[in-house]
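Heads up: the protein sequence lines correspond to chains R and G, in order.
Heads up, the first sequence is in the numbering used here, so the first residue is 1 and it goes up one at a time.
Heads up, the second sequence is in the numbering used here, so the first residue is 1 and it goes up one at a time.
Don't read these hints as lab results, they were simulated from the structure.
Source: prediction; values computed, not measured.
One or more of the hints may lead you astray.
No distinction is drawn between identical chains; accordingly, a pair holds when it is met within one copy or between any pair of copies.
As the list claims (entries may be wrong) - Distance condition first, Cα-Cα at most 25 Å in a straight line; then the derived DMTMM-like pairs of lysine to aspartate or glutamate: (1) Lys4 with Glu64; (2) Lys4 with Glu29; (3) Lys4 with Asp95; (4) Lys4 with Asp88; (5) Lys4 with Glu44; (6) Lys16 with Glu64; (7) Lys16 with Asp111; (8) Lys4 with Glu105; (9) Lys4 with Asp34; (10) Lys4 with Asp112; (11) Lys16 with Asp112; (12) Lys16 with Glu105.
There are 2 protein chains.
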Amino acid sequence: MAVKTELDPAVAARLKRTPDGLVAAIVQEHGTRDVLMLAWMDDEALHRTLTTGRATYWSRSRQEYWVKGATSGHHQHVRGVALDCDGDALLITVDQTGAACHTGEHTCFFDDLPLASNGEGEQS
Amino acid sequence: MAVKTELDPAVAARLKRTPDGLVAAIVQEHGTRDVLMLAWMDDEALHRTLTTGRATYWSRSRQEYWVKGATSGHHQHVRGVALDCDGDALLITVDQTGAACHTGEHTCFFDDLPLASNGEGEQS
Numbered sequence: 001m002a003v004k005t006e007l008d009p010a011v012a013a014r015l016k017r018t019p020d021g022l023v024a025a026i027v028q029e030h031g032t033r034d035v036l037m038l039a040w041m042d043d044e045a046l047h048r049t050l051t052t053g054r055a056t057y058w059s060r061s062r063q064e065y066w067v068k069g070a071t072s073g074h075h076q077h078v079r080g081v082a083l084d085c086d087g088d089a090l091l092i093t094v095d096q097t098g099a100a101c102h103t104g105e106h107t108c109f110f111d112d113l114p115l116a117s118n119g120e121g122e123q124s
Numbered sequence: 001m002a003v004k005t006e007l008d009p010a011v012a013a014r015l016k017r018t019p020d021g022l023v024a025a026i027v028q029e030h031g032t033r034d035v036l037m038l039a040w041m042d043d044e045a046l047h048r049t050l051t052t053g054r055a056t057y058w059s060r061s062r063q064e065y066w067v068k069g070a071t072s073g074h075h076q077h078v079r080g081v082a083l084d085c086d087g088d089a090l091l092i093t094v095d096q097t098g099a100a101c102h103t104g105e106h107t108c109f110f111d112d113l114p115l116a117s118n119g120e121g122e123q124s
């Protein structure tokens with residue numbers, strides 16, 4: 001994350017980063033509106049995403065930039081990027097080629113957790 | 001986050017938490033499939049969400065649990081909770097009452113960032 005970035009300073013000024021300089025990036029598929037994955041971006045990853053149209057993340061485990069699809073072929077072509085109200089999360093809308101998840105599933109969120117019957121939640 | 005939790009140990013074992021014990025929670029509206037917000041959960045917030053059917057988060061700024069809608073009336077009734085492939089993010093599907101965002105907007109992601117023309121991204 002020592003990379004010097006050309007991210008628009010007006011955008012950079014609105015980001016509220018984690019202590020390691022990142023904002024969360026939620027990835028949603030344009031056509032299906034499925035939420036595909038959660039990744040992380042630093043300023044330079046956001047700059048590359050906005051300017052190349054290819055979703056580019058910061059890998060916390062590998063400590064390097066990661067163009068989605070560069071090895072898998074499962075590219076994400078960026079349709080839109082929105083910043084949330086407090087500047088610490090991005091919503092990336094993409095056209096996804098192939099599976100978004102490294103497991104081969106369409107989305108990373110394929111593991112449903114058991115909900116208790118939520119009668120209490122219906123009262124108001 | 002010193003609260004003792006009754007979260008199912010089988011679920012707890014699958015969570016990969018930040019150093020402060022949290023997982024990211026992406027909130028999506030059931031009907032519209034709009035992505036509404038990003039919040040954070042510790043084990044107890046997830047336990048409460050799964051068992052009460054009311055979306056409950058951990059506020060990093062206030063350092064307390066936060067039942068969405070408790071003060072605003074803008075409740076989130078939980079339809080489903082899915083864990084992602086690497087255990088560090090949750091997708092919470094909700095029926096949203098009123099606005100999800102504290103600004104009064106339906107979703108927190110109302111601020112579109114400018115995309116460069118992405119001809120480069122169309123090549124493969």
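**Message:** Treating 25 Å as the Cα threshold, decide for Lys4 and Asp95: within, between, both or neither.
**Reply:** This pair counts as neither: shortest intra-copy Cα distance 29 Å, inter-copy 42 Å.
**Message:** My question is about Lys4 and Glu44: at a cut-off of 25 Å on alpha-carbon distance, are they close within one copy, between copies, both, or neither?
**Reply:** Answer is within; shortest intra-copy Cα gap is 7 Å, inter-copy 40 Å.
**Asked** How would you label the pair Lys16, Asp112 (within, between, both, or neither) given a Cα cut-off of 25 Å?
**Response** The answer is between: 16 Å across copies meets 25 Å, while 30 Å in one copy does not.
**Prompt:** How would you label the pair Lys4, Glu64 (within, between, both, or neither) given a Cα cut-off of 25 Å?
**Reply:** within (14 Å within a copy, 37 Å between copies)
**Request:** Tell me, please, which holds for Lys4 and Asp34 at an alpha-carbon limit of 25 Å: within, between, both or neither?
**Result:** For Lys4 and Asp34, neither the intra-copy (33 Å) nor the inter-copy (34 Å) Cα distance is at most 25 Å.
**Request:** Evaluate Lys16 and Glu64 at a C-alpha cut-off of 25 Å and name the case that applies: within, between, both or neither.
**Result:** Classified as both: same-chain Cα gap 21 Å, cross-chain 20 Å, threshold 25 Å.
**Asked** Under a CA distance limit of 25 Å, which applies to Lys16 and Glu105: within one copy, between copies, both, or neither?
**Response** between (31 Å within a copy, 20 Å between copies)
**Message:** Reference check for the pair Lys16 and Asp111, CA-CA at most 25 Å: within, between, both, or neither?
**Reply:** between (30 Å within a copy, 14 Å between copies)
**Same-copy or cross-copy closeness of Lys4 to Asp112 [CA-CA at most 25 Å]** = between (40 Å within a copy, 24 Å between copies)
**Message:** When Cα atoms must be at most 25 Å apart, do Lys4 and Glu105 count as within-copy, between-copy, both, or neither?
**Reply:** Neither way: Lys4 and Glu105 sit 35 Å apart in one copy and 34 Å across, limit 25 Å.
**Prompt:** Are the CA atoms of Lys4 and Asp88 at most 25 Å apart within a copy, between copies, both, or neither?
**Reply:** Cα proximity of Lys4 and Asp88: one copy only (20 Å, versus 29 Å across).
**Message:** One pair to classify: Lys4 and Glu29, alpha carbons no more than 25 Å apart. Within, between, both, or neither?
**Reply:** Classified as neither: same-chain Cα gap 30 Å, cross-chain 37 Å, threshold 25 Å.
Hint compliance for this structure: hints 2, 3, 8 and 9 are broken, all remaining hints hold.
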